[in-house]
Amino acid sequence: MPKRAVVDRRKCAYCGACVAVCNLNANELIETYLEINENCNGCGICVKTCPMGALSLAEV
Amino acid sequence: MFDVVVVGAGPAGSMAAKTAAEKGLNVLLIEKRQEIGTPVRCAEGISKESLKRFVEIDKKWIAAEVIGAKIYTPDGTEVVMAEEMAGNEVGFVLERKIFDRHLARLAAKAGAEVVVKTTALGFERTQNGLRVKLRRLGEEWEVETKLLIGADGVESKIGRMAGIIKTLKISEIESCAQYLMSGLDIDENYTYFYLGNELAPGGYAWIFPKGDRSANVGIGVLPSLAKMAAKHYLDRFIEKAGIKGKIVEFVAGAVPVYGEIDTAVADNIMLCGDAAYHSDPITGGGIANALSAGYHAGLVASEAVARKDFSASFLKRYDELWKADFGWKLRRNKKLQEFFLKLDDSTLNSLAKSIAGKNIKEMSVQAIITELLRNNPSLLGLFGELFS
Ligand SMILES: Cc1cc2nc3c(=O)[nH]c(=O)nc-3n(C[C@H](O)[C@H](O)[C@H](O)COP(=O)(O)OP(=O)(O)OC[C@H]3O[C@@H](n4cnc5c(N)ncnc54)[C@H](O)[C@@H]3O)c2cc1C
Ligand code: SF4
Ligand code: SF4
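The listed protein sequences correspond, in order, to chains A and G. To convert, note that position 32 of the first sequence is 78 in our numbering; the numbers rise steadily by one, no gaps. To convert, note that position 324 of the second sequence is 1306 in our numbering; the numbers rise steadily by one, no gaps.
Since the hints were made in silico from the structure, they are not lab data. Where hints are given, some of them may not hold.
[Unchecked claim] If you only want the chain G side, here are some residues facing chain A, beta carbon under 10 angstroms, derived:
#1 G1135
#2 I1152
#3 Q1160
#4 G1235
[Unchecked claim] Calculated pairs, DSSO-like style, for lysine-lysine (alpha carbon to alpha carbon, straight line, at most 27 angstroms):
#5 K1324(G) with K94(A)
#6 K1222(G) with K94(A)
#7 K1115(G) with K1005(G)
#8 K1222(G) with K1034(G)
#9 K94(A) with K1148(G)
#10 K49(A) with K1324(G)
These numbers were taken from a predicted model, which means no experiment stands behind them. All residues carry an ideal CB built from backbone N, CA and C; glycine is no exception.
Could you build all of it, start to finish, from the sequences and the hints given here?
Laid out in structure tokens, this is it:
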């Protein structure tokens, strides 16, 4: 099953670290709101980078 | 048609907008947040000197002043860097919520238009320059400009869209978590740095006092080496170090530790600050370089407008300026960072022991390395040439 990054909004501190490392332009920080789009291939790089542990991979 | 559109109202962008507007340019500064400066993504430390170069100091945004720094290695060895004369402050801890707004206001005062809650989505080339696509309160908006300055921080999309920078690898970014804590029992005359591979893989923990028994207590780790999220390392550090205080604010963020990029320009475009990976690979400090880069970008923008030359080859003047100012330091400190990353905790301890108790009078990476070299001649072969 393909995977995608998902964000736990209750943990996210809207810092943009995940946006800085995504190669596919698959995420955007809209002020305090992180959006992950269909470009995401579930590489997991952002998951490793998130300082809050707010990201994980889930099957789509 | 604007002369310059600046994306991002952090220190880099506001300084660029201010400088360009002071030169008489028609400037638009856009910021995606509704409140400039919040949420803070910074430990707010800066040397007095590098701040004074670009702004008039105003106590309103100085939270605390310090006279030196103390560094600790895993076995508790302490290295102190301090000015000789007590009371001679060398460092500031800022209140960036106020500082960043102050800079944006200076830009506005100089004549720049400032628009908040507006995001730059992209740009396309036109005959005379660029058409920048913006989203303002959910609505599309387009503006034309001769020059675009990307000061959009670590998340920079402008730089990537322009093909100037590549996305950071997880070995090129520090993932950071920080609390503002109150009710602390610390000597507020110093900033504190804690090193160790267990404690903060590929990074360090810090305590920067903010006055009235409060401080920024934070940590940065390299995601390529870390086994957990930065926040967990921070909680563990606070517990192990026995830091007692109340958490009154949460901060998360990331800092590029890339080193010097080859160029920060493309036709009609300049990048400055974290967007150009201008933060220091050893300390993670980026405010001073962001101010400097913004200033130089603003100056070169006015020259480009005067000459009607917006080509990358003309804008390379900006590269020359920031590289001469601090680019060389990014290059050197990247090499040092690579050296330090290879050290295990016991080597770190013994290096610190070799200089513990020495009188290091300056608060800088340079001063530490000079002292290390003086006491460990064997290191000369490793990085002597970087400091000769
Ligand atoms: C935890 C932490 C601690 C740090 N501690 C220190 C320290 O003690 N001392 C120090 O000198 N440095 C420190 N730094 C680094 C410092 O914060 C940065 O180097 C500095 O803020 C860079 O300034 P800048 O203007 O380049 O970018 P930023 O301050 O990040 O500003 C960029 C701005 O651009 C906006 N933006 C982004 N994309 C868009 C878009 N598409 N459209 C419109 N606006 C956009 C953002 O909202 C933001 O306001 C720290 C960083 C972190 C994360
Ligand atoms: S999982 Fe990979 S592709 Fe998806 S958002 Fe994270 S970094 Fe981008
Ligand atoms: S890195 Fe984590 S905390 Fe930061 S914006 Fe992304 S999901 Fe949120």
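Next on the checklist: Run through the hints listed earlier and report the numbers of any the structure violates, in increasing order.
Outcome noted: Violated: hints 8, 10.
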